[in-house]
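Novice: Chain residues, written in single-letter form:
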Amino acid sequence: MQLIYEQSVPGRRGIRLPASDVPVAADLPKNLIRSEAACLAEVSELDLVRHFTNLSRRNFSVDTNFYPLGSCTMKYNAKVLENSAALFAPFHPMTALLPSGEAFCQGTLGMLYELGQLLADITGMDEVTTQPLAGAHGEMTGILLISAYHKAKGNKKKYVVVPDSSHGTNPASAAIAGYEIITVPTASYGDMDLDLFRQAMNDEVAAVMMTCPNTLGLFNPHIKEISDIAHSHDALMYYDGANLNAIMGKVKPGDVGFDVIHLNLHKTFGTPHGGGGPGSGPVGVKKTLIPFLPQPRIVMDDDGQFLLETVKTGTIGRTANFFGNFGVMAKAYAYIIMLGREGLIQVSEQAVLNANYIKEKLKDYYDLPYDMTCMHECVFSASRQLEHGVHAIDIAKFLIDRGYHPPTVYFPMIVKEAIMIEPTETESKATMDAFIEVMIEAAKTAESNPQALHEAPLTTPVGRLDETKAAREQNVCWIG
Amino acid sequence: MVEMYFTKEHEWIKVEGATGKVGISDHAAHELGDITFVELPKLGKKVKQFEVLAAIESVKAASDIYSPVSGKVLTVNAKLDTTPEVVNESAEEMAWMVELEIVDVSELSMLMTRQQYDEYLKTL
Amino acid sequence: MNESHYCPHTPQEIDEMLSAIGVESVEELFSAIPAELRAKAFNIPPGMSEFEAFDRMKAIAGENNSEMLNFIGGGFYDHIIPAAVDHLSGRAEFYTAYTPYQPECSQGTLQALFEYQTAICRLTGLDVSNASLYDGGTACAEAAMMALRVTGRNKIIIDGCVNPFSRQVLKTYLFNLDVDVVEIPPVDGLLNRDELSKLLDESVAAVLVQNPNFFGCVDDFSELAKQVHAKDALLISSVYPISLGILKSPGEMGVDIAVGDGQSLGNPLSFGGPSFGFIAAKKTFIRNMPGRIIGETVDNQARRGFVLTLQAREQHIKRHKATSNICSNQGLCALRGLIFLSAVGKAGLAEMAVLNRDKAEYAKAQLAAIPGVTVLQTAPTFNEFTVFLPKAADLVVAELLKQNIAAGVPLGQYYEGSENCMVVTVTEKRSKKEIDTFVKMLEVELCN
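Protein chains in written order, with our numbering: chain L, 1 to 480; chain P, 481 to 604; chain S, 605 to 1052.
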């Protein structure tokens, strides 16, 4: 399919701009002007529409395909959420930052305040900042808050502890924030090894980052013990909220010892993934960390007016220019008020039910490294198929030919040939049964005709791509 | 007289007198997959035994390369900048990465011979 | 009873599934969680239908002032958005997809982001771009961190004319790192080049500037680039994409890394987000770029295709040694940016930039004609400029807000001694009539 630049014809226009109703200004000095106009596309609106419409049809998406991508929570995105966010398109964020500007933004400021309170209740925290723009951004913010806490106390801290099953963003965020990483192995029972953790802990550890349930989809029953050990060294407990979909209404991270959490609104709270964003990563904290929160902070005065509070000291500063990804948060807010208490509880219950159903149905065909009740996702290994020369990636490509977006493969890294399946609560039994059938077929084909799996996919616009060529040649901009 | 030694992390060193050329083993190259980039150290850099000397990337993985001995970087194999695929083609011959001035030959006793390395690979 | 119709199972289906699993109830699936860890209370209000939820959202939006006439910027701008942008980015195949980890079924997203990267390279005049960052402020921080990695040094010099929020974000990113950040106060609304010359030495990793800057002034950093390079440091410029319709590109100036906020490209104001940040650099820095990068390649039948590439830089492979911790980009917002740039097109962006400047120059002349009001800087401007008022800008702006006019951004809280100054922004959306009304109302307010 052609690039939009390959369809461009010099002089072709896509839109007509309003005519000017003011005098022509004097020219800028020559040394400030670009020598040539930027070579952007030159297409008609019809060309534009055909191009992007046809491009979109080359994608799998939740609205077109079952998308059991483990760790990503690809649940259905309710359409009313889109309509809700659109209501806020015209509001300029700078208005709220003008003198007495808050008075004209009581709706949006109030919504952010209330969303913060709802998320605080769901997670058992004392206050939530909505400013971080994505999950990993929230992680970095959380670690910076922890470092501010230690600085204020005069603690000398060097390390952050993570289990080896953690998502890559955990150690990356801690490193970006200036810490060295200590990795603790996962025990055979599927959780961070408690004894090795105890040994690894020391007074120079600033924080322990955990996902709960973990990336194997297992809930660690020793979590309170882990947090007690951490706190005894004045290390704070950080909760990666990526897997919150499993425990809403059942467990609150704040109750089991976590001091800082981040949420992924684009996972748990039903906002669309956008082909890789935008997300939103609000961060919740316990009281002791409130003085360090990024600013401005949204507060409510005695008359119920929402105001922006900025301070000169204590705060870690700003993690984003304004208040966070408001458009994403409007969708999450609408989702929470629409589902309500019982709806959110049901989300977690049915997410866990669905994952366990798939686990039971596939465990005779794929190796299950941890054969126990899982939570909202289950992790298989393609090691049995490997005996026939078939890797997890081959199973994935076979699924694509059958119209399924593959589960996550090769994560977590501690499971060889990992296949992580997260159906989410919005999928029907019929959809899951059909998926199970195809997974079983893939397992059987791995034994009878492995070559067929190596050749997949055959039904997509392109087959397997030469990633080595891409990395070696680095063509990231069309020269044409 | 060239002597070849291996490390547990799959590096090798071909020692010739007071200098040695360092690379990664065929096994390591195979595990990494198609190599896309080799990050070579600056000339004159000093390293201690088993410290990070260089880095290597493939499409799906990134790995540090640890120095088999303490020493100083004398030369690097610039060919790997433009043709990293040489590592896949000839990891133990053409794809030497760094030439080191060896400061303490007794450190070689911490390394494995070819035979010992092949035995070690069987245990993995 | 189904609380949420988004959970589709009938009671019978639930029974079938429970029996397949071998448990009596859904609660049994949570038995691994010790009783003492279970939540004691869950105080979320009861749910409602989508119709009631939407009514509530409408009521919330209604509590904001929607009549406000915008003459403010501060990093986010009130620009036109062609209808096609909403419709095309609203296609479910784009917005309900995720990161294109499986390229064969994600060529839509991948090709679009490749076209986006190409557009950013052409706009900035640089060689390589990534598939977007979170926003303009974090893009400045990521560029600074990139320069620290590339040079191995630990000092960043920032021109005080750079957006104060972006400067704060950059400092927050470096909060716990051993990095020196030096800010140079502006002189006459421009970079203090004398002060910079004194500070520029071999300990500096990068110098960060902005064009047009926070005051609206346009500058040429070509000489500065040479000066910075003589010390083996990098020059980073934060740029306003619409202005690149006519302004000299960072590439032409010799800038090493260009960053900016893409909100003005087809993304609504939406009370501050979502938006996207862009970053482009000289080819030699590609391995140090943060974030996702899309590369061109071929498949097993020599058909052209696109993939995520150079992934070895990223967190899911390099973990704590990654070039950044970034995972998601702002895919859909970058897509909107691409569609916008493709709709407006080569000639259209230039025309739009001229329109912005003409409108701003007109407003500038009208405001300067008000007794007591002066345009503060002599430097050329694009669509923003700074005025000096005979009264405290805070009071004037507060009063005009009550009359549905966001008159400008008062500078007092960002720059000491600037209490009487404010930055006025005029985009192509402001008609002559609106500008005249604004000028008249300001005049009346200043007489009071």
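None of these hints come from the bench; they were simulated from the model. Glycine included, every Cβ here is placed at the ideal spot set by N, Cα and C. Mixed in with the good hints there might be a few duds.
Quick list of simulated restraints, FRET-style, between CB atoms [claimed, not checked]:
1. S:D782 - L:M413: 45 to 53 angstroms
2. P:G524 - S:K886: 24 to 32 angstroms
3. S:D782 - L:V9: 52 to 60 angstroms
4. P:M574 - L:Q451: 29 to 37 angstroms
5. L:V9 - P:E531: 42 to 50 angstroms
6. P:M574 - S:A906: 22 to 30 angstroms
7. S:R753 - L:S232: 33 to 41 angstroms
8. L:V9 - S:E799: 44 to 52 angstroms
9. P:A498 - S:D782: 33 to 41 angstroms
10. P:H510 - L:I440: 31 to 39 angstroms
11. S:K886 - L:K153: 42 to 50 angstroms
Novice: The structure should be examined with respect to each hint, and the outcome stated for every one.
Specialist: Hint-by-hint comparison with the structure:
D782 (chain S) and M413 (chain L) have their C-beta atoms about 30 angstroms apart, which leaves the hinted 45 to 53 angstroms range violated. At roughly 26 angstroms, the beta carbons of G524 (chain P) and K886 (chain S) sit within the given window of 24 to 32 angstroms. The hinted range of 52 to 60 angstroms is satisfied by D782 (chain S) and V9 (chain L), whose Cβ atoms lie roughly 54 angstroms apart. Checking the proposed 29 to 37 angstroms range against M574 (chain P) and Q451 (chain L) shows it holds: the Cβ atoms sit about 33 angstroms from each other.
For the hinted restraint 42 to 50 angstroms between V9 (chain L) and E531 (chain P), the CB-CB distance of approximately 58 angstroms leaves it violated. Range check, M574 (chain P) to A906 (chain S): about 29 angstroms between beta-carbon atoms, so the 22 to 30 angstroms window is met. About 36 angstroms separates the C-beta atoms of R753 (chain S) and S232 (chain L), a value consistent with the hinted range of 33 to 41 angstroms. About 50 angstroms separates the C-beta atoms of V9 (chain L) and E799 (chain S), a value consistent with the hinted range of 44 to 52 angstroms.
Distance hint check: the CB atoms of A498 (chain P) and D782 (chain S) are about 37 angstroms apart, consistent with the given range 33 to 41 angstroms. Take H510 (chain P) and I440 (chain L): their Cβ atoms lie about 32 angstroms apart, and the range 31 to 39 angstroms holds. Between K886 (chain S) and K153 (chain L) the Cβ separation comes to about 43 angstroms, which falls inside the hinted range of 42 to 50 angstroms.
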